[in-house]
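Q: Please model the complete structure; the sequences and the hints are all you need to start from.
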Amino acid sequence: MMTPLIALVRRDLTLFFADQRSVIMSFVAPIIIATFFGYVFGGNGGKTETSRIPVMVVNDDTGDVAKQLIANLSAEKALDVKTVSIDDARTAVRKGKATVAILIPKEFGNKAGAAFFRGENKPEIGMLFDPSRRMEMSMVQGILTGQIMQTVSKEVFGGKTGQVLAKDALAGVEKSTGMDPSTKSVLSGLLSSVEKLNALNEKDKADGKPAMSGGLSTPYTLREEAMMSGNGVVYNSYGHSFGGMGIQFILFMGIDVGIGVLLARQRGLWKRLRAAPISRGLLLGARVLSAAMIAMLILIVIFSFARVVFGVKIEGSLLGFIGICVAFSLMTATFGLLIAAIGKTPEAARGLSVLVTLLMVMLGGAWVPSFVFPQWLQKVTVLVPTRWAMDGLDAMTWRGLGFNDAIQPIGVLLLFAAVFGVVAVWQFKWEIDG
Amino acid sequence: MLEVKALKKTYGAITAVDGVSFKVSDGETIGLLGPNGAGKTTTISMLAGLLTPTAGQVLIEGRPVSGDTDPLKRQIGLVPQDLALYDEMSANDNLSLFGALYDLSGAVLRRASDEALELVGLTDRAKDKVVTFSGGMKRRLNLAAALLHDPKILLLDEPTVGVDPQSRNAIFDNLELLKKRGKTLVYTTHYMEEAERLCDRLVIVDHGKVIADDTLDNLYKLLPVTNILAIDLEETAEALNLERLNQLPEVKTVELAGRVLKAGVRNLSEDTPKVLGWLVANGYRYSHVASERANLESVFLNLTGRNLRDA
Ligand SMILES: Nc1ncnc2c1ncn2[C@@H]1O[C@H](COP(=O)(O)OP(=O)(O)OP(=O)(O)O)[C@@H](O)[C@H]1O
Ligand SMILES: [Mg+2]
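Going down the list, the sequences are from chains A and B. Going left to right, the first sequence walks through residues 4 to 437 as this note's numbering numbers them. Going left to right, the second sequence walks through residues 11 to 321 as this note's numbering numbers them.
It is worth saying that the hints were derived from the structure and are not from the lab. Model, not experiment: these values are computed from the prediction. One or more of the hints may lead you astray.
Mimicking SDA-like on lysine to any residue, the simulated pairs with C-alpha atoms at most 20 Å apart in a straight line are [as the list claims (entries may be wrong)]:
| # | chain 1 | residue 1 | chain 2 | residue 2 |
| --- | --- | --- | --- | --- |
| 1 | B | Lys272 | B | Asp227 |
| 2 | A | Lys199 | A | Asp210 |
| 3 | A | Lys316 | A | Asp408 |
| 4 | B | Lys137 | A | Asp207 |
| 5 | B | Lys137 | A | Asp15 |
| 6 | B | Lys139 | A | Ala21 |
| 7 | A | Lys100 | A | Val84 |
| 8 | A | Lys432 | B | Thr62 |
| 9 | B | Lys18 | B | Ser76 |
| 10 | B | Lys139 | A | Asp15 |
| 11 | A | Lys70 | A | Asp15 |
| 12 | A | Lys432 | B | Gly77 |
| 13 | A | Lys157 | A | Leu173 |
| 14 | A | Lys432 | B | Lys139 |
| 15 | A | Lys170 | A | Gln144 |
| 16 | B | Lys139 | A | Arg13 |
| 17 | A | Lys432 | B | Gly22 |
| 18 | B | Lys137 | A | Leu18 |
| 19 | B | Lys139 | A | Asp210 |
| 20 | B | Lys139 | A | Arg24 |
| 21 | B | Lys139 | A | Leu16 |
| 22 | A | Lys432 | B | Ile24 |
| 23 | A | Lys109 | A | Arg93 |
| 24 | B | Lys137 | A | Arg55 |
| 25 | B | Lys139 | A | Arg93 |
| 26 | B | Lys272 | B | Leu289 |
| 27 | B | Lys139 | A | Leu18 |
| 28 | A | Lys432 | B | Leu289 |
In silico contact screen, one side only, chain B against chain A (beta carbon under 10 Å); selected entries [claimed, not checked]:
| # | residue |
| --- | --- |
| 29 | Gly59 |
| 30 | Leu61 |
| 31 | Thr79 |
| 32 | Gly87 |
| 33 | Val89 |
| 34 | Pro90 |
| 35 | Asp92 |
| 36 | Met99 |
| 37 | Leu119 |
| 38 | Ile221 |
| 39 | Val299 |
| 40 | Ser301 |
Every residue, glycine too, gets a C-beta built ideally from N, C-alpha and C.
A: Rendered as structure tokens:
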């Protein structure tokens with residue numbers, strides 16, 4: 004019983020390592036692709052600089068407000084601002100060289116100031132944007148709103164223009180007829196105070212005293228802290244990408260296992276194996292065992308690489324990590340068997356199972372993390388085993404969670420392994436073909 | 011002893027094997043002969059326990075194989091029609107694997123695989139990957155892989171298909187040696203001359219049924235002709251009326267391949283002048299005459315009215 008089992012497992016390992024293609028596909032390909040994804044999605048602790056959003060500004064206003072606004076936008080870390088002509092702006096956005104173009108109209112500063120208190124005759128800021136980059140566009144919009152509020156309010160409360168504007172606004176309020184008298188008197192009071200404040204500021208400036216810094220600003224500052232496994236640990240996007248690509252290429256190896264069984268059936272090998280006095284359980288069990296061993300080995304190799312080269316550590320429970328690896332390896336092995344059981348010819352089985360695998364990998368969040376999925380998709384994808392493998396590996400690596408958080412993924416993966424295995428054995432065509 | 015009783019196998023509407031029965035005594039070599047699709051491989055697969063018969067029984071030493079792990083399966087060595095070898099493994103590793111499936115290990119396994127390699131003459135290629143072997147060498151290794159557990163009965167499904175004459179001879183020498191060692195051989199082929207050389211008895215199957223089961227001598231007695239005249243005709247060959255020639259009482263079989271007329275006769279000295287005379291009398295001229303002995307190929311032709319290989 005042991006002799007045939009060991010011989011069969013040895014056969015599978017020998018064949019796996021004799022096949023250069025499978026070794027490259029299993030070890031080299033995941034490392035290369037995971038390195039790419041890890042680099043692109045933020046790298047090690049976000050230390051690598053993320054690319055800035057290219058923004059074109061077309062300025063038709065000659066005033067100070069517009070100048071100040073452009074200077075403030077340029078100072079934003081997330082933006083790469085260029086002032087260009089309208090035609091250049093259009094071309095740049097259309098060609099995808101810029102995400103958005105901001106059009107500042109004539110008299111923007113004055114109109115904006117005038118509209119500040121009264122909300123009438125608001126100037127219009129145009130935005131030309133690349134429809135494929137809506138996310139970045141909203142980000143630019145947010146930044147722009149903040150900067151305009153800051154720049155315009157500073158002008159309104161802090162300068163000469165402000166004095167004039169307040170006076171104009173005051174006159175407008177006095178003249179207006181439809182206003183409630185009590186509102187009118189409060190507003191007049193406010194505006195004349197603003198006028199006085201501005202006059203005072205001007206005087207201070209003329210006397211050489213430091214002017215008070217006026218204007219509205221966001222009434223808070225942000226302290227950003229990524230929730231990580233604990234002290235001093237930083238997010239490592241390589242942790243996710245190596246897990247994801249490991250899962251993908253191990254599943255591909257699982258496909259090869261299934262195809263291998265189908266090929267053995269197509270050639271006379273299966274007959275020779277079946278002619279020996281060994282049980283069916285042994286024949287399939289050996290294949291599951293060897294496939295799981297190979298899967299484990301792939302995980303160990305690629306995570307070791309990630310650790311040495313990109314500093315990906317098992318911040319959580321090591322036992323949990325191993326448990327998830329073992330459970331996923333077993334699931335891969337029975338997945339392979341399932342392909343062998345329901346596949347008809349090797350060629351036909353390959354196409355379909357590659358498609359299924361890619362879908363599983365995608366929905367499992369191995370390409371893009373599942374947290375960017377819409378809510379409904381996040382809920383639905385718990386039906387996909389790879390989702391559990393991915394979440395489990397994330398939990399044990401960069402999220403740094405404990406063994407308790409590994410129990411559920413391990414359980415679910417083992418359940419999938421069992422279901423695949425049972426269906427495979429039940430559907431397996433034992434009768435050799437002719 | 012191997013006994014097959016009313017064996018039947020159907021695949022949906024196809025009846026691959028249709029009530030085949032025969033017996034093979036210990037040490038006997040039988041040839042299972044038939045054209046493509048006759049049901050030879052299907053029969054062998056049922057003998058080896060790979061296929062469950064739709065009906066009928068296979069008895070080894072008087073009892074049926076029960077279950078996958080029945081030790082009775084150790085009595086059988088199967089040489090599949092396809093090359094059942096792992097190309098990417100060495101000859102030695104292949105043999106070690108197949109020996110281990112029969113629970114051989116250690117020194118016993120090594121000795122068994124050395125002997126098997128020795129028998130088929132591949133000792134010096136033991137460490138080479140099978141993928142580097144020639145077709146004939148693969149065939150020989152395919153045979154060796156069935157010998158490791160020293161089975162009493164060897165099921166050989168076309169063990170010489172697609173090999174050069176040299177390898178074919180080598181395999182035949184191997185088989186003759188195994189026969190001498192007292193093995194029981196069931197040999198499947200569509201080559202009569204192979205069967206003639208090796209087998210004590212022939213079971214001829216066609217369309218899944220046994221159409222003859224006898225010793226070589228007895229089968230020869232079935233032959234309507236002893237000799238075949240091969241006559242090279244001149245230009246007039248196309249016009250030859252085979253029907254009329256066949257009506258001559260001396261002519262038992264007749265066939266025209268290109269310009270070569272083949273006529274089967276029972277008595278060479280009496281019948282030959284009659285056939286040649288008829289040809290001349292009817293204006294058919296010939297340039298060359300030869301005669302060949304009838305062989306078992308014609309037995310099949312006689313039994314089924316078809317040729318063994320292009321039937
Ligand atoms: N798995 C199968 N499904 C359907 N039909 C089958 C199957 N296996 C064999 N057959 C049919 O059974 C018949 C006998 O096939 P078999 O392979 O036993 O013939 P054979 O005598 O070995 O032929 P060959 O000389 O070509 O090897 C053929 O008609 C074949 O098409
Ligand atoms: Mg066959």
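Q: Evaluate each hint against the coordinates.
A: Status of the hints after comparison with the structure:
1. At roughly 24 Å between alpha-carbon atoms, Lys272 (chain B) and Asp227 (chain B) are farther apart than 20 Å, so this suggested pair is violated.
2. For a cut-off of 20 Å, the pair hint linking Lys199 (chain A) to Asp210 (chain A) stands: about 16 Å separates their Cα positions.
3. This hinted pair checks out: Lys316 (chain A) and Asp408 (chain A) have alpha carbons roughly 17 Å apart, not beyond 20 Å.
4. Using a Cα cut-off of 20 Å, the hinted pair Lys137 (chain B) and Asp207 (chain A) is violated, with the two alpha carbons roughly 98 Å apart.
5. Between Lys137 (chain B) and Asp15 (chain A) the alpha-carbon distance is near 18 Å, which keeps this suggested pair within the 20 Å criterion.
6. Taking the CA atoms of Lys139 (chain B) and Ala21 (chain A), the gap is near 10 Å; set against the 20 Å cutoff, the hint holds.
7. The suggested pairing of Lys100 (chain A) with Val84 (chain A) holds, with an alpha-carbon distance near 12 Å, which does not exceed 20 Å.
8. A hinted pair counts as satisfied when its Cα atoms are at most 20 Å apart, and Lys432 (chain A) with Thr62 (chain B) qualifies at roughly 12 Å.
9. For a cut-off of 20 Å, the pair hint linking Lys18 (chain B) to Ser76 (chain B) stands: about 18 Å separates their Cα positions.
10. Note on Lys139 (chain B) and Asp15 (chain A): the hinted pairing holds, with a Cα-Cα distance of about 15 Å set against a maximum of 20 Å.
11. Distance check on the hinted pair: Lys70 (chain A) and Asp15 (chain A) sit about 71 Å apart at the alpha-carbon level, beyond 20 Å; violated.
12. With a C-alpha separation of about 16 Å, the suggested pairing of Lys432 (chain A) with Gly77 (chain B) holds against the 20 Å cut-off.
13. Restraint check: the Cα-Cα separation between Lys157 (chain A) and Leu173 (chain A) comes to about 18 Å, which is no more than 20 Å; the hinted pair holds.
14. With a C-alpha separation of about 30 Å, the suggested pairing of Lys432 (chain A) with Lys139 (chain B) is violated against the 20 Å cut-off.
15. Using a Cα cut-off of 20 Å, the hinted pair Lys170 (chain A) and Gln144 (chain A) is violated, with the two alpha carbons roughly 31 Å apart.
16. Between Lys139 (chain B) and Arg13 (chain A) the alpha-carbon distance is near 16 Å, which keeps this suggested pair within the 20 Å criterion.
17. As the CA atoms of Lys432 (chain A) and Gly22 (chain B) are separated by approximately 16 Å, the hinted pair is consistent with the 20 Å bound.
18. With a CA separation close to 15 Å, the supplied pair Lys137 (chain B) and Leu18 (chain A) stays within the 20 Å bound.
19. Of the pairs offered as hints, the one joining Lys139 (chain B) and Asp210 (chain A) is violated, with about 97 Å between alpha carbons and a cut-off of 20 Å exceeded.
20. Straight-line distance between C-alpha atoms of Lys139 (chain B) and Arg24 (chain A) comes to about 17 Å, which keeps the hinted pair within the 20 Å bound.
21. For the suggested pair Lys139 (chain B) and Leu16 (chain A), the alpha carbons sit about 15 Å apart, so the restraint of at most 20 Å is met.
22. Using a Cα cut-off of 20 Å, the hinted pair Lys432 (chain A) and Ile24 (chain B) holds, with the two alpha carbons roughly 19 Å apart.
23. At roughly 18 Å between alpha-carbon atoms, Lys109 (chain A) and Arg93 (chain A) fall within 20 Å of each other, so this suggested pair holds.
24. The suggested pairing of Lys137 (chain B) with Arg55 (chain A) is violated, with an alpha-carbon distance near 60 Å, which exceeds 20 Å.
25. Distance check on the hinted pair: Lys139 (chain B) and Arg93 (chain A) sit about 65 Å apart at the alpha-carbon level, beyond 20 Å; violated.
26. With a CA separation close to 13 Å, the supplied pair Lys272 (chain B) and Leu289 (chain B) stays within the 20 Å bound.
27. Note on Lys139 (chain B) and Leu18 (chain A): the hinted pairing holds, with a Cα-Cα distance of about 11 Å set against a maximum of 20 Å.
28. Distance check on the hinted pair: Lys432 (chain A) and Leu289 (chain B) sit about 61 Å apart at the alpha-carbon level, beyond 20 Å; violated.
29. Satisfaction of the interface hint for Gly59 (chain B) is found here, the shortest Cβ-Cβ separation to chain A being roughly 7 Å, below the 10 Å cut-off.
30. At a threshold of 10 Å, the smallest CB-CB gap from Leu61 (chain B) to chain A is about 6 Å, leaving the interface hint in force.
31. Interface hint status for Thr79 (chain B): upheld, as the beta-carbon distance to the closest one in chain A is roughly 5 Å, under 10 Å.
32. Evaluation of the Gly87 (chain B) hint against chain A yields a held restraint, the C-beta minimum of about 8 Å falling below 10 Å.
33. Because the closest C-beta pair between Val89 (chain B) and chain A is about 9 Å apart, less than 10 Å, the hint holds.
34. With a least beta-carbon distance of about 3 Å to chain A, the hint placing Pro90 (chain B) at the interface is held under the 10 Å criterion.
35. For the restraint placing Asp92 (chain B) at the interface with chain A, the shortest Cβ-Cβ distance is roughly 3 Å, inside the 10 Å limit, so the hint holds.
36. The interface hint given for Met99 (chain B) is met, as the beta carbon of that residue sits about 6 Å from the closest beta carbon of chain A, less than 10 Å.
37. The interface hint given for Leu119 (chain B) is met, as the beta carbon of that residue sits about 9 Å from the closest beta carbon of chain A, less than 10 Å.
38. Restraint check, Ile221 (chain B) versus chain A: the minimum CB separation of about 21 Å is more than 10 Å; hint violated.
39. Violation of the interface hint for Val299 (chain B) is found here, the shortest Cβ-Cβ separation to chain A being roughly 45 Å, above the 10 Å cut-off.
40. Given hint, Ser301 (chain B) at the interface with chain A, is violated; its Cβ is 41 Å from that chain's nearest Cβ, farther than 10 Å.
Going through the hint list in order, the structure does not satisfy hints 1, 4, 11, 14, 15, 19, 24, 25, 28, 38, 39 and 40.
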